[in-house]
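Residue numbers (numbering that gives the first Met the number 0), protein chains in the order written: chain B, 0 to 699; chain F, 0 to 313.
Because the hints were derived from the structure by calculation, they are not lab data.
Be a bit skeptical, because a hint or two may be false.
Unchecked claim - Here are a few chain B residues that sit away from chain F, every Cβ distance over 12 Å (derived from the structure): (1) ILE166; (2) ASP237; (3) VAL309; (4) ASN323; (5) GLN358; (6) HIS376; (7) VAL395; (8) LEU407; (9) LEU513; (10) LEU657; (11) LEU667.
Unchecked claim - For lysine-lysine, the following DSBU-like pairs were computed, each having C-alpha atoms within a straight-line distance of at most 35 Å: (12) F/LYS194 / B/LYS181; (13) B/LYS383 / B/LYS300; (14) B/LYS402 / F/LYS194; (15) F/LYS200 / B/LYS402; (16) B/LYS60 / F/LYS194; (17) B/LYS61 / F/LYS194; (18) F/LYS47 / F/LYS200; (19) B/LYS60 / F/LYS272; (20) F/LYS284 / B/LYS300; (21) F/LYS272 / F/LYS161; (22) B/LYS338 / B/LYS218; (23) B/LYS697 / F/LYS161; (24) B/LYS50 / F/LYS161; (25) F/LYS272 / B/LYS697; (26) F/LYS47 / B/LYS60; (27) B/LYS254 / B/LYS367; (28) B/LYS594 / B/LYS300.
All C-beta atoms, glycine included, are put in the ideal place defined by N, C-alpha and C.
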Amino acid sequence: MSMNKRTIFSVLGLACMVINHPVVASSTSEDSLLDFPVVLSANVIAKNPTKTPLALSIIDKKMIEASGARTIPDALRLIPGIVVGHSVNEFGDKPLIVVSYHGHSDQFSKRMNVLIDGRSIYDPLLGGVNWYNIPIVLGDIERIEVTHGPNASTYGSNSFQAVINIITRHASEDKGHMVKAKLGNHSIIDTTYRYADAIDDLDYRFTLSTVNDDGQDRKGGGDAFDDVSAGIFDYRLDYQYDNQNKLTYTGSYGKTDQNTEATLRPDTQPKLPQRVISDTSAHQLVRWDSTINSQQSFVLKYFYNYLNEVDAFNSLPIDLSLVNAGLAGYDDLVLPINKSFESQRHNIEFTHFINTDDQMNFTWGISKQNDSVDSSHYLYPTNKISRDTYRLFGDVIWDINSKHRIDLGLLVEKTDSNQSDVSPRFSYFYHFEKNHYLRIGVSKAVRTPFIFEQSGQISFSATLTDSDGVFADLPAVDYVYADENNLEPEKITSLELGYSGSFFQDALSVDARLFQDELEDLIHSPFVATTAPENVNGLAFIFDNLYATTTRGVEVELDLMLNNVTRFIVNTSLVDITSNDNPVNSDFEESAPKKSFSILAMHDFNDIYTASIGFYYIGDMSFTDVNNTNSTGLINTGIIRKLDLRVARDFRVGNETLSAAVVLQNLLGEYGDYDAIPNSPEPIVVQNLNAFIEVKMKFR
Amino acid sequence: MDVMKVKHVVNLKAFFKLSFVWALLCMFSLNVFAQEKAAQSVAIVISKNNNFQHQSSKVIQDELHDANIDSVILYSDELDVALESHTVFVAIGEKSIHRYTESGINSPVLHVSNNTDATINHNAKVSHLLISQHPCMQLKLINLLNSEWESVAVLASHSSLKQASNIVQCAIKLNINVLVYSVENSVDITSVLEKAISTSKVILSVADPSIYNRYTIKNILLTLFRSRVPVIGFSESFVDAGAIAGVFTSPGDIGKTAAHLVIDFFENSKQFKDTINYPVGFTVKTNRRVAQSLEVDLPDEEDIQSELEEVEGL
Chain B
0 MSMNKRTIFS VLGLACMVIN HPVVASSTSE DSLLDFPVVL SANVIAKNPT
50 KTPLALSIID KKMIEASGAR TIPDALRLIP GIVVGHSVNE FGDKPLIVVS
100 YHGHSDQFSK RMNVLIDGRS IYDPLLGGVN WYNIPIVLGD IERIEVTHGP
150 NASTYGSNSF QAVINIITRH ASEDKGHMVK AKLGNHSIID TTYRYADAID
200 DLDYRFTLST VNDDGQDRKG GGDAFDDVSA GIFDYRLDYQ YDNQNKLTYT
250 GSYGKTDQNT EATLRPDTQP KLPQRVISDT SAHQLVRWDS TINSQQSFVL
300 KYFYNYLNEV DAFNSLPIDL SLVNAGLAGY DDLVLPINKS FESQRHNIEF
350 THFINTDDQM NFTWGISKQN DSVDSSHYLY PTNKISRDTY RLFGDVIWDI
400 NSKHRIDLGL LVEKTDSNQS DVSPRFSYFY HFEKNHYLRI GVSKAVRTPF
450 IFEQSGQISF SATLTDSDGV FADLPAVDYV YADENNLEPE KITSLELGYS
500 GSFFQDALSV DARLFQDELE DLIHSPFVAT TAPENVNGLA FIFDNLYATT
550 TRGVEVELDL MLNNVTRFIV NTSLVDITSN DNPVNSDFEE SAPKKSFSIL
600 AMHDFNDIYT ASIGFYYIGD MSFTDVNNTN STGLINTGII RKLDLRVARD
650 FRVGNETLSA AVVLQNLLGE YGDYDAIPNS PEPIVVQNLN AFIEVKMKFR
Chain F
0 MDVMKVKHVV NLKAFFKLSF VWALLCMFSL NVFAQEKAAQ SVAIVISKNN
50 NFQHQSSKVI QDELHDANID SVILYSDELD VALESHTVFV AIGEKSIHRY
100 TESGINSPVL HVSNNTDATI NHNAKVSHLL ISQHPCMQLK LINLLNSEWE
150 SVAVLASHSS LKQASNIVQC AIKLNINVLV YSVENSVDIT SVLEKAISTS
200 KVILSVADPS IYNRYTIKNI LLTLFRSRVP VIGFSESFVD AGAIAGVFTS
250 PGDIGKTAAH LVIDFFENSK QFKDTINYPV GFTVKTNRRV AQSLEVDLPD
300 EEDIQSELEE VEGL
């Protein structure tokens, strides 16, 4: 642009401002201009997305909104390598949203770590996360970071195949009231109210939210019994004590009721009825960020997680003659079952950040975590187990010069049930040209068995009666999940070659990686023969370190911004899992799609209308706990093609903002993404058209 | 013996006469001197809890002392004493000038503040000493830090329109593209900032407390950092908070400039030469951690300082 044009535009711009400018009230005196708290402290700026030791994908607030996601897993579909399924299974288990990265996953997704603001939320008993019961609303999320691969030294225990770190917005953002409602088919009624404000140096925000829908439909028509009803209350306080010290306090309380389908298993196994499972969860987190000086800062953090699940019912009548011919004379048996449990987690952690000079950065820390679970059903006969985990971790970043960087990380972890485990990480960066990096990395991590894997035992017993009322003192049915005292942690060694770069003045950013993951001592629980006398049919599920696999592949992400109004986000993933066992274990080999692809396009029309369209392609795969009993082997989900559309309009009402959106999901027809009816390639439930409108208003 | 007595008496009388005259002369001189001293008395008004103002006032006092001018430091919340004996006031900050105005004092005042619209007694002779550096200096800093930062965004409210206007005029001279974004109220800051981020490589901050204050600064810096867009700060505190760099006036520089303006005032028949004054001397500070994280290679602070000192004619 020539200087004359620049002059004209600058002057015109200023003139317009002068003509149209309303009166602005100063919110504080000039005397405060020279007294600012430290915001970008060492720990805040520690992460540079282009220089993280492992590939890092970010889903920002705009992407979450544009995707039309109603749940966090909906948004996670935008990450290459991630697959989302909805389990309504033949075991009569609680329906779960299953998020899997590079396969190897059953309904509990236990091979990844999920954190909210640095607080790990995976369940210590069964592993995994109940995404219906996470006490956070999408509108309070600033971004979601997904680390591809093991990064235990940064994120701690269970950071195995991937890490999902959900970061909420600072309480100083989004001040005022916000009311949002969603109404749609499948009985979708979601409501959210949020209020945020400040008193001097204290910023606070609290959010109330309800979520309701009738879940999925059955294949062939009719509503499946998987309705969800949830309510949460969460809050965040950020207090700037002085310019160097900041306190953050968050808390939540949530209750979720989920309908659960009856068992569809063969008659030889205990059958569970339709019922409602209630989860209550709560957390408290306190965090102290302190800037010691321009080179050092530290973080001291404590959090407490609480989860209580109530699931007590009577089984459907069991024909004992089908269980054991010798029991033919006895009446059908109804078992009282109480699968309720309560889990608690306490964690305290100290992290110290040091920048010695422009070239070296150190981080080190220690933490202690206590997990305790109370369950008469899963932990028979002890009923309660408590486990302590101690961690010592550190990270060194050495910028040799402007072109070369080395990043070393180490975690030493010890639980009171295991020997110590060491998880090292090494990455090398080559900044070969401005805005272009190559990254080579190797990292190792372990996954400590969950409490149920390590110590779980389930036992049923009942008194048998026959037509004469004669009682037998034999246990009727006994499925034993035997604990194996020598159960080892699972291990992963991950190699990666990555590229990260930007083009056309940062309009296009590209991230690509080649990877190879070796997984060993994978824990699985086949139904095997046992000589334990309690088992009337001589079979039980037993956890053991049984398998090993190699996963290879490539992932590519593109983010293209055109003229600041149109944005394309494209992801693709090619994954191949090879079983290293003999005979080959096809459970894992088919647990990830060989090809998956997604594209999200967003466009802003004059700051009034926005539209977005998302297309997802997921190749066929099957989760590891999906079984059929026919001779053809595993049943795949089939290729899934999904198309979502969102159109929104913003209104200005005085000084306030009102927005309305229409979201249509699964426009390309129905599909099943998790399970199948036994002896049939058809799914039990299907994802089909979701249509809802969303209205949001912000006011002061 | 009688002659001696007389001579002695005569000598004593002369002595007393001389002494009396001498005393009169002394008293007269002292009085003149006292009046001159009173005519060169300065009251420096500051806020009690402001560290920057404390440091500046101390430097002013030391400089005036070296020039044999009396001064006293007063706190704005204690400004209820009769102050007609002070020839001129130096009011640092908005609080000080407001209290000065409320006190009804009519003496000339040097207002040390960026806010030239602060309420001042219309009968008083007023001169302003701005705290911020000249906008051309800040734009030159941007050029020195990274020549690829061709598009610069400035957020301005109604009260910082003049500053924005000065920046635009300098930008024209320096051939830099500056876009000014209007902030109507504090609720708008984030949305305006996001628009600015989408069009600009760097944000140049103006000393406007309705936009940048300790309550909004967290949101602003976090939003900019997530978008990988640096901000040029206007104070040392801002750079420490997370701005990538800044050129600003230290308390010492403000103090020295203010003191010299007061000395000139007395030498100029108790008149301020100019209504608006810029501080002499500046300090450059960079935040290398932030620069490293944003992958910006910054020159050394000393090199930037010396290059900026060569700037002329702006």
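Failing hints, ascending? The structure conflicts with hints 1, 2, 5, 18, 19, 24, 25, 26 and 28, although it agrees with all the remaining ones.
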